[in-house]
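Asker: Since the structure of chain A is already known, use the hints to place chain B on it.
For the protein sequence lines, the chains are A and B, in the order given.
Just so we're aligned, residue 278 is where the first sequence starts under our numbering, counting upward by one.
Just so we're aligned, residue 59 is where the second sequence starts under our numbering, counting upward by one.
Hints were generated in silico from the structure; no laboratory data involved.
All values derive from a computational prediction rather than experimental measurement.
Every residue, glycine too, gets a C-beta built ideally from N, C-alpha and C.
Be aware that a few hints might be false.
Capping the alpha-carbon separation at 27 Å, the derived lysine-lysine pairs in DSS-like fashion look like this [what the hints assert, rightly or not]:
hint, chain 1, residue 1, chain 2, residue 2
1, B, Lys134, A, Lys548
2, A, Lys442, A, Lys397
3, A, Lys503, B, Lys207
4, A, Lys648, B, Lys207
5, A, Lys339, A, Lys579
If you want the footprint, here are the derived chain B segments under chain A, 3+ residues with CB under 8 Å [unchecked claim]:
hint, stretch
6, 193-202
7, 311-318
So these bits of chain B aren't anywhere near chain A, every CB distance computed over 12 Å [unchecked claim]:
hint, residue
8, Leu63
9, Leu70
10, Leu77
11, Ile80
12, Lys207
13, Val213
14, Arg238
15, Phe239
16, Ser243
17, Met245
18, Val339
19, Gly366
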Amino acid sequence: MNKKIKGSLAVVTAAAVAFGLSSVPAASAAVKTYTIGYQGPLSGGEASTGIDEQNAVKYAIKLFEAKNKNIKIKLVSIDDQGDPAVAGTVAPGVASNKNVLGVVGPAYSGATIASLPYYKSVNMALISPSATRVSLTDPTSPDFGGPIFHRVVGKDDLQGPALAKYATAGVKDAKVFVFDDQSAYAVPLRGFVEAGLKKVAGATLVGGDSVPNTTTDFSPTIAKIKTSGATVVIYTGYYSQAAVFIKQLRDSGSKAVFAGGDGVFNQEFPKLAGAAAEGSKVTGVGGLAGVDPKLEADFKKKMGVSSGVYSVESFDAANILLSGIKAGKTTRTSMLAYVKAYSGKSISGNTIKFNANGDISYGLFAGFTTKNGVLVNTGIVK
Amino acid sequence: MFAVLIDQFWSLTIAGVALGFIYVLISLGYTMVYGVLRMINFANSEIFMWGTFGTVITSRDIFHYTQTSEPATGGKLALVLVSSLLMSMLVAGLTAIFVEFVAYRRLRMKGTNRLATLISAIGISIALQEVMRLLTDSRPVGSPRVLEKIILTEVWGANIRLDTVITIIAAAAIFFILERFIKLSRMGKAIRAVSMNEDAAKLMGVNLNRVITTTFLVGGLATGAAGFFYITVFEYTKFNIGFTMGMAAFTAAVLGGIGNIRGAFYGGLSLGLLEVYASAVLGTQWKAVTVFIILVLVLLFKPNGLFGEAVQTTRA
Numbered sequence: 278m279n280k281k282i283k284g285s286l287a288v289v290t291a292a293a294v295a296f297g298l299s300s301v302p303a304a305s306a307a308v309k310t311y312t313i314g315y316q317g318p319l320s321g322g323e324a325s326t327g328i329d330e331q332n333a334v335k336y337a338i339k340l341f342e343a344k345n346k347n348i349k350i351k352l353v354s355i356d357d358q359g360d361p362a363v364a365g366t367v368a369p370g371v372a373s374n375k376n377v378l379g380v381v382g383p384a385y386s387g388a389t390i391a392s393l394p395y396y397k398s399v400n401m402a403l404i405s406p407s408a409t410r411v412s413l414t415d416p417t418s419p420d421f422g423g424p425i426f427h428r429v430v431g432k433d434d435l436q437g438p439a440l441a442k443y444a445t446a447g448v449k450d451a452k453v454f455v456f457d458d459q460s461a462y463a464v465p466l467r468g469f470v471e472a473g474l475k476k477v478a479g480a481t482l483v484g485g486d487s488v489p490n491t492t493t494d495f496s497p498t499i500a501k502i503k504t505s506g507a508t509v510v511i512y513t514g515y516y517s518q519a520a521v522f523i524k525q526l527r528d529s530g531s532k533a534v535f536a537g538g539d540g541v542f543n544q545e546f547p548k549l550a551g552a553a554a555e556g557s558k559v560t561g562v563g564g565l566a567g568v569d570p571k572l573e574a575d576f577k578k579k580m581g582v583s584s585g586v587y588s589v590e591s592f593d594a595a596n597i598l599l600s601g602i603k604a605g606k607t608t609r610t611s612m613l614a615y616v617k618a619y620s621g622k623s624i625s626g627n628t629i630k631f632n633a634n635g636d637i638s639y640g641l642f643a644g645f646t647t648k649n650g651v652l653v654n655t656g657i658v659k
Numbered sequence: 059m060f061a062v063l064i065d066q067f068w069s070l071t072i073a074g075v076a077l078g079f080i081y082v083l084i085s086l087g088y089t090m091v092y093g094v095l096r097m098i099n100f101a102n103s104e105i106f107m108w109g110t111f112g113t114v115i116t117s118r119d120i121f122h123y124t125q126t127s128e129p130a131t132g133g134k135l136a137l138v139l140v141s142s143l144l145m146s147m148l149v150a151g152l153t154a155i156f157v158e159f160v161a162y163r164r165l166r167m168k169g170t171n172r173l174a175t176l177i178s179a180i181g182i183s184i185a186l187q188e189v190m191r192l193l194t195d196s197r198p199v200g201s202p203r204v205l206e207k208i209i210l211t212e213v214w215g216a217n218i219r220l221d222t223v224i225t226i227i228a229a230a231a232i233f234f235i236l237e238r239f240i241k242l243s244r245m246g247k248a249i250r251a252v253s254m255n256e257d258a259a260k261l262m263g264v265n266l267n268r269v270i271t272t273t274f275l276v277g278g279l280a281t282g283a284a285g286f287f288y289i290t291v292f293e294y295t296k297f298n299i300g301f302t303m304g305m306a307a308f309t310a311a312v313l314g315g316i317g318n319i320r321g322a323f324y325g326g327l328s329l330g331l332l333e334v335y336a337s338a339v340l341g342t343q344w345k346a347v348t349v350f351i352i353l354v355l356v357l358l359f360k361p362n363g364l365f366g367e368a369v370q371t372t373r374a
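With the rest of the complex left out, here is chain A:
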């Protein structure tokens, strides 16, 4: 078949699909392949987050391809290890790969900032499922990701107060100790937690610390917690360190409530910490199972594993790009315009519509408590 004819047929087919004419016989439909990317930590210490997110993207693609037989989606895996330094070396290659129409990600805020210059120069639409740093959508900040950056996750200025509320719930006159891991994610979040604490009746901030994320000996921090008489300890870093810390805190005899943000929100946390993690409170995102158990069952069947962290967000983000492809937005510029104007439903039931800075209007943070070695969803923090 002549290439031109084949191309125009595909356009017709795509248009037919776009206008909802689903009765096009499969045999006559030319299959077209389009490419999107996923960027996040697929190796390195944070790999489990990225693998979970990418699985949700792959799942969205599977469902999409099953419904749209004439479109094939190629997924480019972009491994930035969650590390800004690595992100700066992989992003240029993706930016120069003309086939990539848009990217789900980057997963982490620091890596996003490092990648932005390369993607901005080529109008690549980015929809992050998990980069929550506030400055990314703050036009007055040098980290501002506009016009290409979007996210389908609530910002840390919403998470901080939610975490403060959830951590101190049920603790009378809570004396709170907050510490971070010195990362670009944890330091601002700690600030928002501390600001949020001011609005919690009876809670007082009694101390804090800032611990490098390579620390294994937390005895100085624990000494401070004991001296401060804290009844609630909030850590704004990531799960692997949280697991090491909570064991040492419990071994020291402290019974203070332990809480963490979505960095700690990972089922690996109770696995690593064992019995010491019991009762720990974590804010995080609901996950597929919490949103739609049927979808979760189907996910497990098709993907062979359970859905993980940010599965709802990753699924939503992928679906925006996929619906763009279905609507014939097959250049980067048209895809970016499509994403900016997008309005649709999240599988969580909320309406996804980006404001001028790339943020959605809602931020849902669910509270999780460790029971019998598993983080159990206790519902949205209100």
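Answerer: Then chain B, alone, in the frame of chain A:
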């Protein structure tokens, strides 16, 4: 500012001493090799990391302990702990010999310059780390709790825990045995002879290759023992823990005087204590700054470290 230090002084001191002893054993790995070869074994940090996995594998895969199983008691406890220790030492010792063969021996025979050896050691160090990363899917590995962390007694408001006590006593014993070995045994004397003057030692009939391999082995054994104590106290390992611990131990070795075994001892202990005190007084964010400022100051006044360089100065 000093409230925490005053309030929690003994808790901090005990934690610092336990951490210090782990540093002491790792820094032996650096100091021994430096004493003999005048070269830094950059792979020692990864030898340590592999050593930690020796303990995890023993308790988790050989004795089938899980995160939820009850801690061991009595004879079983002793058996698991001793075999974990031996396994960690074995793994680290063999890794150290492997490093010597691959990264050092051939290059040394060929008489290449020191930089080539330095790079080959860094290369093997990266390879060791990456292999472990792939084996563990980049995930942190929690070690099951074999030793229940019983609080034995309370001294001046500080909890004296079983795991810290075992770490301090056993690590001190291992250090003492190794020190005696270097000082008194025939092989130990050969190691010191090579360290003083390689050519003269060779003329006296010392088998250089054997001495160097033994040096790596002894350093590896000490580093492996450190891996065991690290797991016993922190119950956690990951493919990248070597860097931080190795850096700290190397600092300790330099602080005490690299190449000097006594120096490793005092350097490790001072560093452990310094780290916890600095973190408690100034905040953990100032830990590295304080430690390295003190290191620089010490080196300004005592360029060879607190106890001077080289194994041969190890005298009673």
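Asker: Now tell me if each hint is right for this structure.
Answerer: Here is what the structure says about each hint:
no., hint, in the structure
1, Lys134/B <-> Lys548/A, "24 Å, holds"
2, Lys442/A <-> Lys397/A, "37 Å, violated"
3, Lys503/A <-> Lys207/B, "19 Å, holds"
4, Lys648/A <-> Lys207/B, "22 Å, holds"
5, Lys339/A <-> Lys579/A, "8 Å, holds"
6, 193-202, "holds (count 6)"
7, 311-318, "violated (count 0)"
8, Leu63, "8 Å, violated"
9, Leu70, "5 Å, violated"
10, Leu77, "5 Å, violated"
11, Ile80, "9 Å, violated"
12, Lys207, "5 Å, violated"
13, Val213, "14 Å, holds"
14, Arg238, "29 Å, holds"
15, Phe239, "29 Å, holds"
16, Ser243, "34 Å, holds"
17, Met245, "34 Å, holds"
18, Val339, "9 Å, violated"
19, Gly366, "29 Å, holds"
Checked against the numbered hints given earlier, this structure breaks hints 2, 7, 8, 9, 10, 11, 12, 18; the rest are met.
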